[in-house]
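Undergrad: Order-wise, the sequence lines are chains G and Y. If you read the first sequence in the working numbering, its first letter stands for residue 1, the second for the next number, and so on. If you read the second sequence in the working numbering, its first letter stands for residue 1001, the second for the next number, and so on.
Derived by calculation from the structure, the hints in this document are not laboratory data. Predicted model only: the values in this text are computed from it and were never measured. Misleading hints may appear alongside valid ones.
[As the list claims (entries may be wrong)] Facing chain Y, according to a computed beta carbon distance under 8 Å, are these residues of chain G, among others:
id	residue
1	Y9
2	I24
3	L46
4	M50
5	Y68
6	V83
7	I85
8	L92
9	R97
10	Q116
[To be verified] Taking beta-carbon pairs under 7 Å as the criterion, some of the chain Y residues facing chain G (in silico):
id	residue
11	N1107
12	V1128
13	V1135
Every residue gets a Cβ at the ideal spot worked out from N, C-alpha and C, and that includes glycine.
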Amino acid sequence: MNFLEQYNYWIVIILMMSGFYIVIAHGNLIKKLIGLTVFQTSVFILYISMSKVTAGTAPILNEAYKVYSNPLPHVLILTAIVVGIATTALGLALVVRIKEAYGSVEEDLIQEKDLQQEGSE
Amino acid sequence: MLMGVYSLLTASFFVLMDAVDVAFTEAAVGAGISTILMVTVLSMAGRFENRQLHHPRIALFVVLITGVMLVYGTFDMPAFGDLNAPVQTHVAPYYLQQSAQDIDIPNVVTSVLASYRGFDTFGEVVVVFTAVIGVLAMLEFSRKPDTTGDEPAPMYQHKILRIVGKILIPPIMLFALYVQFHGEYGPGGGFQAGVIFAAAIILHAMLFGVESTRKAVSMPVVKVLAAVGVLIYGSVGVVAMLNGGRFLEYNALAENPITGQHVGIIIIELGVGITVATAMMLIFLTFARRVGKANGESA
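Here chain G stands alone, though its shape is the one from the complex (with noise of 0.2 Å):
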């Protein structure tokens, strides 16, 4: 067994904890949402490579080729984009709703607002 031919897990893994990290570690409501953008994708890929197979081709069918990639991932991930952007969207105008109400997309200046205004009620 060679541990070489994992390598495309590998790379999924890099990619979902930078996009991880991202989403943990600021405190910017943006830099969350590309954060998740790029743990997204990294599904993205670890679908994708999963449907490669060796020697294949992409599966629209032709006379000349025998051996084709899995088309089902590829179904799945295709409609996954189109979903993921139209939520991205949908994140993102809450982004732009907190940031007219509170004047600011950062977490920590939103929480001190909301601890203010609980204190003068």
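Following the hints, complete the assembly by docking chain Y onto the known chain G.
TA: Relative to the frame of chain G, chain Y by itself:
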């Protein structure tokens, strides 16, 4: 900008992995629309982060531990490109072998998307539609008092951009239609076509200003069309039921099951294309106007 480069790289990577349909989508969505949305929101929220990171050391530690555990998990995974991996042995061979007889279109991705897994795709279209309703509810209908005043389009003064843009928009739309109706034979389909079509409209909005685009494409019509796309998809399923089949069973749509499959796939891809195109347009136009207004106030 980096986001766009990152997406384009991902897309080329997908081509190497033989996932041409996915690469197509990623290039259109990631390098085009998602980057533009991020930049639009950043223009409002400010470019610079002035706060310290929360406990970067602890975060790094958590991330490293999780990463090491995940790497440990991969030791049991099948090798890259392995033909006998579990993923390749369940339904995939069935799709690849039967698709030619059942559906008779060369692009297996389209036949799995639209026919074998039509329920999933219907669900995804509904999710996109719901997300658009959410964006509209948060940014469009809850309006702040209108700050009137037509600011000139940011790029209108660039003559070259304007003319090149004008020349480019019709071919982009034509290409979108080609992708839409050629999806059964080559890479493409409703999702990609919708995004490309929306990109043409977004280009128009960047060149001539959001307000003039909102007039040109008529927002109420676009909003109705987003719902019509979902409706078309759903009605194909209902028509199949009326013809004695099950929901989304295209074989019942025509005398010959294969013709039925073709008709079904073309119509539902059209529904998907309409919903995705109008959804992306609505999302961008709503954002651009809201953010443009906020910037106008603070300036």
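Undergrad: Give a verdict on every hint.
TA: Do the hints match the structure? See the list:
1. Y9: With a closest approach of 4 Å, the G:Y9 hint holds.
2. I24: holds (5 Å)
3. L46: Because about 10 Å separates G:L46 from the closest Cβ in chain Y, which is outside the 8 Å limit, the hint is violated.
4. M50: This hint holds: G:M50 lies near chain Y, its Cβ roughly 5 Å from the closest one there, short of 8 Å.
5. Y68: This hint holds: G:Y68 lies near chain Y, its Cβ roughly 6 Å from the closest one there, short of 8 Å.
6. V83: Given a least distance of 5 Å, the restraint on G:V83 holds.
7. I85: Since chain Y brings a Cβ to about 5 Å from G:I85, closer than 8 Å, the hint holds.
8. L92: Holds. Min distance 5 Å.
9. R97: Where the cut-off is 8 Å and the nearest Cβ of chain Y is about 6 Å from G:R97, the hint holds.
10. Q116: Interface hint status for G:Q116: violated (17 Å vs cutoff 8 Å).
11. N1107: Result: holds, 5 Å to nearest chain G Cβ.
12. V1128: holds (5 Å)
13. V1135: holds (5 Å)
Figure legend: structure checked against the earlier numbered hints; hints not met, in rising order: 3 and 10.
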